[in-house]
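Enquirer: Turn these sequences into a full structure, and let the hints guide you.
These are the residues of each chain, in order.
There are 2 protein chains.
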Amino acid sequence: MKRRPRFVYLVGRGSSENVGRYAQYLLGEKLGIPVALGNPSLFTHYLRPPDLKEAAVIAISQSGQSPDICSVIEEGRRQGSLTVAITDNPDSPLGDAAQQVLAVRAKEGTVAATQTYSNSLAAISLLAVCIRGDKSIAAELEAAPEKMSDVLGRSDEIEEAARKWASGDRAFALGRGYNYGTAHEIALKLKEVCYLLAHPYSSAEFLHGPVAVVEKGLPILLIAPKGAVSGEMPSLLERLDGCGATVLVITNDERLKKGKIIRIPDCKEWVSPLVTVVPGQLLALHICNLKGINPDRPRGLEKVTRTW
Amino acid sequence: MKRRPRFVYLVGRGSSENVGRYAQYLLGEKLGIPVALGNPSLFTHYLRPPDLKEAAVIAISQSGQSPDICSVIEEGRRQGSLTVAITDNPDSPLGDAAQQVLAVRAKEGTVAATQTYSNSLAAISLLAVCIRGDKSIAAELEAAPEKMSDVLGRSDEIEEAARKWASGDRAFALGRGYNYGTAHEIALKLKEVCYLLAHPYSSAEFLHGPVAVVEKGLPILLIAPKGAVSGEMPSLLERLDGCGATVLVITNDERLKKGKIIRIPDCKEWVSPLVTVVPGQLLALHICNLKGINPDRPRGLEKVTRTW
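Going line by line, the protein sequences match chains A and B. Residue numbers for the first sequence follow the numbering used here, beginning at 1 and rising by one. Residue numbers for the second sequence follow the numbering used here, beginning at 1001 and rising by one.
Note that these hints are calculated values from the structure, not bench results. Some clues are possibly wrong.
[Stated by the list, open to error] Subject to a maximum C-alpha distance of 25 Å in a straight line, what follows is the list of computed PhoX-like cross-link-like pairs (lysine-lysine):
#, chain 1, residue 1, chain 2, residue 2
1, A, K53, B, K1053
2, B, K1260, B, K1216
3, B, K1216, B, K1107
4, B, K1257, B, K1268
5, A, K216, B, K1164
6, B, K1216, A, K164
7, B, K1260, B, K1030
8, A, K147, A, K260
9, A, K291, B, K1216
10, A, K164, A, K135
11, A, K257, A, K216
12, B, K1226, B, K1258
13, B, K1030, A, K53
14, B, K1107, B, K1135
15, B, K1053, A, K30
16, A, K216, A, K258
17, B, K1291, A, K216
18, A, K164, A, K30
19, A, K291, A, K30
20, A, K257, A, K268
21, A, K53, A, K30
Every value quoted in this text rests on a predicted model; they were computed, and no experiment measured them.
Expert: Structure below.
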C-alpha cells in the first residue's frame, strides 16, 4: 500500500476482540485513524469480503489458529492491504499469513487469557507510540508495569470484595472510552472462569435501557479511572448506589466515594487499561477460589477455539 | 465528497446500534463496503474525532436528540463526508445536522423501541437496495411485511414458551451474521422491559468462553434462520440441549429439532432480521405480562436518553 491507510479493519474473538475495543480509542485518539471491528463471517460464510484496499488489516489471536481470523488476513493480503498479526504464537497459520507479526511472547498456558490480554494491549500501544514517534507518550507507557505491580499487591482487599460476588449468578461491568474494552474483558473472565453471567456495558449505553435491570444487591463493577470520560461517573455511581446495587469501583478518582473502592495508582487514561484490568482479573481469581473452581480448567472450554 | 466512500462510520445507541450491527453485514455483503461502528466519545470527550474524509457517516437515533450522536454527524459535515441520519424525528437536532435524512415514520410512543427498530432496519435495507439498483433484491425486501404478519399470528405459541422464561433472571440470545444484531436487540428488550439479564452473543463468539456458563435450565434463545451461517447451528443446538439448557429456537431450518421451535416463514437471510425479531419482541411482551410489568413504562427509563 502506498498511501497512509484510511482506516483499520481489526478482527479478533473473545479477549482479542476486547484488545480491539481498546484499539478503537487508542488509534482514534493518538493517530486519528478510525477502527472498524470486522466481521469474519463476511469472509468465511457470506464469501463477500468488503473492500480493504485502503485499510490496514490487524488480526489479534492468542493461538493464531482460528480459521476465520486467518481468512481475513489472507484476504487483506490478496487485496494489497497492509496486514499485521498480534499473536502469542507467531509460528502459526496466522503468523504465516500476515506481512507483519507482533509476537506478544506471553507463552500463556492457561485457558482463560490474562497475560496474553495484557501483552496484546501493550503491543498495540507500542505500535501507536512508534507510529506517532512521540517520546513523551512512550514514557507514559513505560510507567505502566510498576503500576500494575502495585495493584497486584492489593489482592487481599479484592479477596474481601469477592465474597459479596461469589454467591450471585449475574453482574454488570461498566466502563467507557479506553476502558470499554476492560469492562468487556473482566466480564468475559467472570463468565469463563467463575460461571457468573457478567454483562459488559458502556456507562453511557447502560442508561439507554439496561439500567432498568438494576436492583438491590446486584453486583456492578464500575471501571472509572480519571480521564476524559470520568465526568459522568460520580452521578452514575450515585444512581447505582441509590438503587441498592453492590458496587465495586476501580478508580483513582477521589470524587468517587460510594460502594467498595479499589484504589489504583494515578496514570494516564490511555495507559490505564493495563492497570484497571488487574483488579478485575484478581476478582475473578478470588471468586473462583471461593467457589472451589480451578480457574485454569474452566468447564466447556479448550485452549484453542477454532471458529469458521 | 467526489469519490465513492471507502467505508461507513455508523453511530447509534441501544436499539439503533443494533440496526448498525445489521448494516455491517448488509452493506458488506450487498455493497462490499466495510462498516465501522463508531465511538461517539472520541468526538465528545476525547475531542479527537478520527479522519472521516473518505467515509459516509450514518447516524441512527429514534429521537434525534442525543448530543453525542449529533456531534458525530456535525463533525462528518465539517470534514466534508456524506452524512445520513435515520430517525423517527426528522425535526430534531440530528435531522437538522445531516445532509440526508431518512425519516422512519414509526411515531413510536412507547419507551422501548420496536416499530422504530423494524422501520430503521427497513430504511437501511431500502438504502442498500437503491444503491445496488437491483430489482430482484427489492422484491425480496417487499415480501417481508407479509412474513412479519405471519409471525405476529403465532403469539399464543410464544406465550406458552414465555412461561419457562418468566421465572428466571438471566438468559442468552444467540445469533450470527445478519442476525447478530437481532440477538442484541432481543436481549436488550428482555433487559429493558422484563428485567431479565439477557446476554447477546454471536454463536461463534459464544464458544470462545461464555459457553462455560451454560447449565441446566438456563434459558437460551437461538436465532437461526436458514442462510450462510446456519451450518454450525445443528451442532450448537445439540451442545446446548446436551447441557440441559432451556432452548427456544427461531428458525425456518428443518434440521433444527431440539428445544422449543418457533417456526418462521422461509425468507432470504438478508431480510430475515425483519422477521426473526418479531417472536423475540412477542417473547418480551408475554414475559412482561406474566410478571405483571407494564411494558410501556419500564422502570428507570425515559423516552429520550441524552448522552454526551
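Enquirer: With reference to the structure, classify each hint as holding or not holding.
Expert: Now the hints, each set against the structure:
With a C-alpha separation of about 16 Å, the suggested pairing of K53 of chain A with K1053 of chain B holds against the 25 Å cut-off. For the given pair, K1260 of chain B sits about 15 Å from K1216 of chain B by alpha-carbon distance, which is consistent with the 25 Å threshold. Only pairs whose Cα atoms come within 25 Å are accepted, and K1216 of chain B paired with K1107 of chain B is rejected, the gap being roughly 42 Å. Under the criterion of a C-alpha separation no larger than 25 Å, the hint pairing K1257 of chain B with K1268 of chain B is consistent with the structure, at around 21 Å.
A hinted pair counts as satisfied when its Cα atoms are at most 25 Å apart, and K216 of chain A with K1164 of chain B qualifies at roughly 24 Å. Straight-line distance between C-alpha atoms of K1216 of chain B and K164 of chain A comes to about 24 Å, which keeps the hinted pair within the 25 Å bound. Between K1260 of chain B and K1030 of chain B the CA atoms are separated by roughly 33 Å; this puts the pair beyond 25 Å, and the hint is violated. Restraint check for K147 of chain A and K260 of chain A: satisfied, since their Cα atoms lie roughly 20 Å apart, inside the 25 Å limit.
With a C-alpha separation of about 18 Å, the suggested pairing of K291 of chain A with K1216 of chain B holds against the 25 Å cut-off. Proximity of K164 of chain A to K135 of chain A is assessed by CA-CA distance (about 43 Å); at most 25 Å being required, the pair is judged violated. For the suggested pair K257 of chain A and K216 of chain A, the alpha carbons sit about 18 Å apart, so the restraint of at most 25 Å is met. For the hint pairing K1226 of chain B with K1258 of chain B, the CA-to-CA distance comes to about 16 Å; that is within 25 Å, so the pair holds.
This hinted pair checks out: K1030 of chain B and K53 of chain A have alpha carbons roughly 17 Å apart, not beyond 25 Å. Between K1107 of chain B and K1135 of chain B, the direct Cα distance comes to roughly 29 Å. Violation of the 25 Å bound is thereby established for this hinted pair. A threshold of 25 Å between alpha carbons decides the hint, and for K1053 of chain B with K30 of chain A the separation of about 17 Å falls inside it, so the pair holds. The hinted pair formed by K216 of chain A and K258 of chain A meets the criterion: a straight-line CA distance of about 15 Å does not exceed 25 Å.
Using a Cα cut-off of 25 Å, the hinted pair K1291 of chain B and K216 of chain A holds, with the two alpha carbons roughly 18 Å apart. Under the criterion of a C-alpha separation no larger than 25 Å, the hint pairing K164 of chain A with K30 of chain A is inconsistent with the structure, at around 39 Å. Our distance criterion of 25 Å between C-alpha atoms is broken by K291 of chain A and K30 of chain A, whose separation comes to about 42 Å. Taking the CA atoms of K257 of chain A and K268 of chain A, the gap is about 21 Å. The hint holds against a cut of 25 Å.
For the hint pairing K53 of chain A with K30 of chain A, the CA-to-CA distance comes to about 23 Å; that is within 25 Å, so the pair holds.
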